[in-house]
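Residue numbers (my numbering), protein chains in the order written: chain A, 6 to 217; chain B, 6 to 217.
Do not rely on the hints blindly, as some may be mistaken.
Repeated chains share a single entry, so a pair holds when one copy, or any two copies, can fit it.
The list that follows gives simulated cross-link-like pairs (lysine to aspartate or glutamate, DMTMM-like), each with its CA atoms no further than 20 Å apart [what the hints assert, rightly or not]:
#	residue 1	residue 2
1	K212	E139
2	K212	E180
3	K212	E33
4	K164	D18
5	K164	D200
6	K212	D89
7	K212	E77
Simulated from the structure, these hints should not be mistaken for laboratory data.
2 protein chains.
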Amino acid sequence: MTPRNLTPSREADRLRSDRAALDQLLDEVLVGYVALSLPEGPLALPVSYARDGDRVLFHGSTGSRRMRALAEGAEVCFTVAAADGLKVGRTAFGTGMQFRSATLFGTCELIEGEEKVAALGLYTDRYLPGRMTEVRPITAREAAATMLLALPIGEWSMKVAEGFAHDDFDEVAGEVWAGVVPWFQGVGEPISNPDLPAGIEVPNSVKALYQP
Amino acid sequence: MTPRNLTPSREADRLRSDRAALDQLLDEVLVGYVALSLPEGPLALPVSYARDGDRVLFHGSTGSRRMRALAEGAEVCFTVAAADGLKVGRTAFGTGMQFRSATLFGTCELIEGEEKVAALGLYTDRYLPGRMTEVRPITAREAAATMLLALPIGEWSMKVAEGFAHDDFDEVAGEVWAGVVPWFQGVGEPISNPDLPAGIEVPNSVKALYQP
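Generate the whole structure from the sequences, applying the supplied hints.
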């Protein structure tokens, strides 16, 4: 954490500096947002990503102008958020969201060669743990078809809003319900590819993700 | 849609120009990302938001420098994405995400006065439909405590990745499973505030969100 993140704020009590909480959030959220300042204006791109220790990996098309800008050292902001629930207050004004969010700042490095093949495998296992033991290895030719970038986890900040809505005392004495409606990321029943030959079972990696 | 969004792309088959699909996505996703180019670099802020016809509303602290920059006409990019599922391929390389994403560009307007009170009610009903019939009206004083911005839905683009993983023919002939693991936004069992007096039931708005 650096001074950029420590600006006094009305929401200072929501700030977190716990790296374990950051890692948990990064490992849990499915989509990250890479923001960059282009000559034509700001842009936020949704990306799949994987945390690899002290860096965040994400890939894109080798033909993408934006990916090239990132590979060439453009400043980026990488943001993730989890919407954990709706804090329902006794009033509309007292209603808000339970969330965790994190913002990382820095510049990306291009990952290449042997390291790239390994990192792409880690990427696959992040979304489907154990999958790399079920499929053949990634080839050098496949690795060459995508661009892989790594953003070091260096300068970052995290905000957490938890608990319940806090209404004024005279509202609390009323007859209106207040509470939390939890939100979560659900996993549905796996669907086999229409062209899958008969007799091929759902693999362990997929079974572990989906509990009926 | 304007030329900015119609750049030829390797992923041109994923582009959508269907406004109804955009509206559905905006109405479904819980968190949006507002990107802006600040002197110190790009920034993407996660925000709750509500679509109000042809504009997207989001609010923030009146004391926030970033909200003020937006109110003063800073260019913004507003991005949302839904992760609909994991397309599991026969190979790691063939594995990817089912998603829908949209990016809106423009500048925000500050919403004030009577219009602001109405818009804040709409915002509450977006996350908890019908809630405004269960709580007292928003007061002018409450409305004054937050800053409400509207981004017109003018220049935008949308990308959709659906269906199944497409593996090469020699992979398809193999013994490896392929399919889709669906993801969805789940709603958990509501939790009453610890300070809720006995005898106050979960309201209809909350019951409608949560089906056990």
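How the hints compare with the structure:
In this assembly of identical chains, K212 and E139 lie within 20 Å of each other by CA distance solely inside one copy; the values are 13 Å within and 43 Å between copies. Taking the shortest alpha-carbon separations for K212 and E180, only the inter-copy value of 17 Å comes in at or below 20 Å, while the best intra-copy value is 46 Å. Taking the closest pair of Cα atoms, K212 and E33 come within 20 Å of each other only inside a single copy of the chain (18 Å); across copies the shortest separation is 28 Å, beyond that limit. In this assembly of identical chains, K164 and D18 lie within 20 Å of each other by CA distance solely inside one copy; the values are 9 Å within and 37 Å between copies.
With identical chains, the CA atoms of K164 and D200 are never at most 20 Å apart, being 45 Å at best within one copy and 25 Å at best between copies. In this homomeric assembly, K212 and D89 come within 20 Å of each other (Cα to Cα) only across copies, at 18 Å, whereas the closest approach inside a single copy is 25 Å. Taking the shortest alpha-carbon separations for K212 and E77, neither the intra-copy value of 40 Å nor the inter-copy value of 51 Å comes in at or below 20 Å.
In terms of the numbered hints stated before, the structure departs from hints 5 and 7, listed from lowest to highest.
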